[in-house]
Each structure stands twice: as structure tokens, then as C-alpha cells.
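As given, the protein sequences belong to chains A and B, one line each in that order. If you use this note's numbering, the first sequence closes out at 319, no skipped numbers anywhere. If you use this note's numbering, the second sequence closes out at 638, no skipped numbers anywhere.
Since the hints were derived computationally from the structure, they do not count as laboratory data. Just so it is clear, the structure is predicted and the values come from calculations on it, not from any experiment. Any given hint might turn out to be false.
Said to hold, decoys possible - Capping the alpha-carbon separation at 27 angstroms, the derived lysine-lysine pairs in DSSO-like fashion look like this:
id: 1; chain 1: B; residue 1: K411; chain 2: A; residue 2: K40
id: 2; chain 1: B; residue 1: K336; chain 2: B; residue 2: K621
id: 3; chain 1: B; residue 1: K411; chain 2: A; residue 2: K48
id: 4; chain 1: A; residue 1: K118; chain 2: B; residue 2: K367
id: 5; chain 1: A; residue 1: K118; chain 2: B; residue 2: K411
Residues per chain are reported as follows:
Protein chains: 2
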Amino acid sequence: MKHNLADRLLDAVDEKKNPSVVGLDPRLWRIPDHLKEDAKESTDDAFKAAGEAIFEFNKGIIDAVHDIVPSVKPQVAFYEKYGVEGIRAFKKTIEYAEDKGLIVIEDVKRNDIGSTAKAYASAHLGEVDMIDGNTVSFDGDIVTVNPYLGYDGIEPFVEVCGEYGKGIFVLDKTSNPSSSELQDLVTEDENKIYEVMADLISDWGEQLIGERGYSSVGAVVGATYPEEAEKLREIMENNLFLVPGYGSQGGTADEVIPCFNDDGYGAIVNSSRGIDYAYEDDDEFGPKEFDKASRKAALEMKDDIMKSLEKGEKVPDGW
Amino acid sequence: MKHNLADRLLDAVDEKKNPSVVGLDPRLWRIPDHLKEDAKESTDDAFKAAGEAIFEFNKGIIDAVHDIVPSVKPQVAFYEKYGVEGIRAFKKTIEYAEDKGLIVIEDVKRNDIGSTAKAYASAHLGEVDMIDGNTVSFDGDIVTVNPYLGYDGIEPFVEVCGEYGKGIFVLDKTSNPSSSELQDLVTEDENKIYEVMADLISDWGEQLIGERGYSSVGAVVGATYPEEAEKLREIMENNLFLVPGYGSQGGTADEVIPCFNDDGYGAIVNSSRGIDYAYEDDDEFGPKEFDKASRKAALEMKDDIMKSLEKGEKVPDGW
Numbered sequence: 001m002k003h004n005l006a007d008r009l010l011d012a013v014d015e016k017k018n019p020s021v022v023g024l025d026p027r028l029w030r031i032p033d034h035l036k037e038d039a040k041e042s043t044d045d046a047f048k049a050a051g052e053a054i055f056e057f058n059k060g061i062i063d064a065v066h067d068i069v070p071s072v073k074p075q076v077a078f079y080e081k082y083g084v085e086g087i088r089a090f091k092k093t094i095e096y097a098e099d100k101g102l103i104v105i106e107d108v109k110r111n112d113i114g115s116t117a118k119a120y121a122s123a124h125l126g127e128v129d130m131i132d133g134n135t136v137s138f139d140g141d142i143v144t145v146n147p148y149l150g151y152d153g154i155e156p157f158v159e160v161c162g163e164y165g166k167g168i169f170v171l172d173k174t175s176n177p178s179s180s181e182l183q184d185l186v187t188e189d190e191n192k193i194y195e196v197m198a199d200l201i202s203d204w205g206e207q208l209i210g211e212r213g214y215s216s217v218g219a220v221v222g223a224t225y226p227e228e229a230e231k232l233r234e235i236m237e238n239n240l241f242l243v244p245g246y247g248s249q250g251g252t253a254d255e256v257i258p259c260f261n262d263d264g265y266g267a268i269v270n271s272s273r274g275i276d277y278a279y280e281d282d283d284e285f286g287p288k289e290f291d292k293a294s295r296k297a298a299l300e301m302k303d304d305i306m307k308s309l310e311k312g313e314k315v316p317d318g319w
Numbered sequence: 320m321k322h323n324l325a326d327r328l329l330d331a332v333d334e335k336k337n338p339s340v341v342g343l344d345p346r347l348w349r350i351p352d353h354l355k356e357d358a359k360e361s362t363d364d365a366f367k368a369a370g371e372a373i374f375e376f377n378k379g380i381i382d383a384v385h386d387i388v389p390s391v392k393p394q395v396a397f398y399e400k401y402g403v404e405g406i407r408a409f410k411k412t413i414e415y416a417e418d419k420g421l422i423v424i425e426d427v428k429r430n431d432i433g434s435t436a437k438a439y440a441s442a443h444l445g446e447v448d449m450i451d452g453n454t455v456s457f458d459g460d461i462v463t464v465n466p467y468l469g470y471d472g473i474e475p476f477v478e479v480c481g482e483y484g485k486g487i488f489v490l491d492k493t494s495n496p497s498s499s500e501l502q503d504l505v506t507e508d509e510n511k512i513y514e515v516m517a518d519l520i521s522d523w524g525e526q527l528i529g530e531r532g533y534s535s536v537g538a539v540v541g542a543t544y545p546e547e548a549e550k551l552r553e554i555m556e557n558n559l560f561l562v563p564g565y566g567s568q569g570g571t572a573d574e575v576i577p578c579f580n581d582d583g584y585g586a587i588v589n590s591s592r593g594i595d596y597a598y599e600d601d602d603e604f605g606p607k608e609f610d611k612a613s614r615k616a617a618l619e620m621k622d623d624i625m626k627s628l629e630k631g632e633k634v635p636d637g638w
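Pulled out of the complex, with its shape left as it was, chain A reads as follows:
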């Protein structure tokens, strides 16, 4: 058994004194022109050029933030868009970020029946069978998964997490407006679906609790639903929360505080667009210095969350 992921992630949070995550959501039309011009000059293949521009953009951001944040979260949809070359950029991004000491959360929200979930788990977190022998494929640290199919589709991930020291965040209460349609339905026992799911996630994670008291099976809880987060924090006391929705989606630093436990741990907060495209609204740094604008935005986010943690009296000991 490799080092527990929850322990590893919390150690990284302590090292940077920062519970935030930079989402890497490359939207080609918002990537600075000079990167796209360089990419076009390097190849005649439009997909290769797109992949190259995306990777160079990510590289700039990773270089600019790797010493201040513990983790990055590439959202695979923005890579998958570009097929083979997009996936190449995704894989290169994971490798580059890991080389820089970052914990990589692959935001893939994969889900399927057991035998298929096993293929996803081996692809993203474990080892895959080749014609001869086994090898790693994407080799991320953590993936997001969707629980609609129940534990059959989660178990293969949990097994791989145990074996390879990896982690998952299971969707529970998502940050988007229509998350209520299914997740807020009330059962005959007067529980909301996201509460039922929270109980399940808590159970699923029990076997992977590390030395620091948290499980490598965490939950996705949107910053946009602070009241729900407060309830969920009680149900899932040993589960880390991945909190999307801060920044561009409307969640504030004060609103993410209920996701943290009183010891100041238990949540990591993601911002994607607000960091990636910070240069668009920055007076100091333009497109050629997009990386500096991203670093500045990441530091502002860190300060913003820290102030709210102080206000909520949830600053970890020793920070």
C-alpha cells in the first residue's frame, strides 16, 4: 500500500499554507494570441496546433503557481474536445504538473457499471494491461466520479486508490443551478438525496482513512450552496470536500468556510476561469504576461480564503 492520498494532499496544503486548487480549463478562444500563433507555426495540423497552444498555456500557469498552490485540476472536457491531440495535451499537462510537485486532480466525472468502471480506474489512477505486461496510463493522483450507478461503479476506484495511494471525489451536491432537480429531492425518510449520498460516501471512504483522519474518498460540494455544505460537513466528518464554484460561478470565500472543519482542514477550493484568464481583467499584466496575472489571482484567492478562515476561526494550527 502506497502513502495515503488524503495524508499526502493535506501535507501539501500545509506546505503551501493554502487549501486552494487551480483548475486548468483551457478555452482556446481565451488563450493569448501569441501562444496560438506559435502553435500554428509549429505544425500544419489544426488539432496538433490546438493541443500545443493548450499545453503551452497550461505550462505557463503551472510554472506561475506551482510554488503557491498544492494542486491543479484539469477538466478533461476541454481537452477531449480536440480528440487525440487534446488527450495528448491532457496527459502532458498531468505529467508536467506532477513533475512540479503538484497533486493532480483529473476532473473527469467518470461513471459506469463495475467492469467498465474498473477500466476507467486503471486508466486514470492505476495500471493498465498491455499486450505484454502492465504500465501506468494517465497516472493522475485523484479523479472525480459520478455516483448515479451506486457502489458497483465506485468500488473499482476505491480498490485502485487503496493499492496505488490515489483518491477520488464523488459528486454529491454540485455547484450548478439545476443540481437541485435530482440532488435536492426529498426521500420518504425526509432526507435529501445529497444527504443520502453523503451517508454512502462516508461509508465508502471508511477503509481509506489516513493518519490525519481523512479518507482518500472525498466529496464534491459546491461553494454556491453553503447551507447544504454545513449539513454535509456533519454527515461526512472524515471526508475531504473538493469545492468548485468559487469565483466565476459566484461562490465567495465566506461561503466556502462551512466546507471546512473546525480544525481548518477538510476542504480544498477550486477556481478555474478566475485564475486561468485573470489577464483579461488585469490592469498590470496583459496577454503576454498571462502567467503573472494568474499568479497574482491565485495569491489573491489564497488571501481571500485565509481572511475568511480567520473570520470563521478555522485557521489550522501552525499556519
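Knowing the structure of chain A, use the given hints to seat chain B on it.
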């Protein structure tokens, strides 16, 4: 607006007089040795060899069944396993099957918040923005999607389906044993979650009903739950069902009949392992003739379903 997908799919079902789908789930260790040997000889790169063996295997099956089935369903997990080269095999498989006149269901179960779902929809069904201009990427006909996030995450797919004549199947009652954990929960209004979802899917599909009375927004309903299927058939009268779970997962032809309407339409039934690896249990055809064994198994499945449709008095007019 392009030709409605539901119309296109039902025309294909009529043409082949067969409502079945061949799932393309390439498991490397079950692919005949001669294909793997050939692939290894063609390259020193283990991932490229895996991708090549997978594509050649699929090509054999597609060649063997394209004149008898209307559709194939590659399950992306088994390709994604092999990273860039796996995705290359996935894309080549889609293209090859479409060239052979088959409707391609990309079994990807994608899901995310709206802005991200839009990226997935454009990748798999629509057009993606390149550095200059737009182009198609995977260009499948249909994708499977997961509804845990509500309509925000479905709407971008529905829009693309309208614009490009494509379709989606939304997970409702899945074929796996633990599907009950979430999908069978009972709400305070005494509805099961899969019934609530069915109402939503019916609403979501209303704007895409074609000339033949079915919507391009369909539902995934497992063959392993015939009683549930009967209820769901009533709620979603205009929605096509993609029915997994026949064969290797334990569903029988009689059990899939409740998924059909009285007119004999309304469902397509998938088998993956039972067709792909038919050669393993075939007395007549061994690994070198895996394609012939697959054709034989596909014809047996067609007959099996047809007999059950006859028994249930659900054979379409004119077949």
C-alpha cells in the same frame, strides 16, 4: 436542422429488421493472439500496438455485422485506458463504422455543469472551435449522458442534437446490481428516483420528437429490470430506450420486451461481450475466425429478440 436522429435510427432498425446494437468493448487480453502479434510487429510503442490491435479487432467485427445490425456502441473506457493511442483507436472505430453505414453510439456517460457539458457536446456530437474556424472532432451519432447534475448538464447536448441531427441516451435505470442504491430511492411523493428521472427525460426530449413519433433524447433502461421497464415505458412514451444488460449481464430476450411499445419500436438492445468474444465459446469458429463467430452470435441475438417480440405480439408492421 439536419435529419432527426430518432427517425434515422428507426429507419436503420427497419432496414435491418433488427433492433439490436453491437457493443464494441475491446478487452486486450481477450483479443485473438494473431491480431496482437501483428500489432506488436508493426511498432515498438506498446500503446500504439494496443491501439492497433483494438482497431483491427473492431474492424473485423464491424465488417462482419454491418449488414445485419443498425448500430454499434463503442464503450470509451476500454479505449481511454490506452491514453492517446486508445483515443485514436476510438476515433478510427467511429469513422470506420460510420463509413459502413452504421449509427454510432458513443457510450461515454459524460456529465458536468453547463459550460463544461457544452465542451463535451461539441466534442462528441457537434463542432469544436479551432484556432481558426470550426470542425468536427469525434462526430458520433449518439452519446450516453449521466443526469446527476440536472438539466444544466443536459441542455447543451440537446441543443447540439437539434442543430446537428444527433441524439442522446440519458441514464435512467441502469443494468448493474447496485443501481438501486440511488435510482430506487422513494421520494416523499412516493415516486422512485428512476420514475422522477423518466418524467424529466420525457420533458427534455419534447422539442426533438421526429416524424416517427420518437425523440432524439432517449433513456438507458437495463434489461435486468423488466418490471421497472414496464413502468418506464408508460412514463416515457416518446423516448427510445437503449437497453444494456442482455447476454453476459444476465438479461434475456423476454426480459427486454417490456422496453418496446406495442408497435414493436421504442427500444434498441445492446450486447457487447456476448458478441465481441463469441469465438471463445464457439465450436465452429476459433480465434482466427473471431469475426465469423461474432456474426453468428449477432444473428442468434437477432433471432432471439425476434422470437420474443413475436411472443409478445410486438413485431413491427412490414417486418
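Legend entry - Hints the structure fails to honour: none
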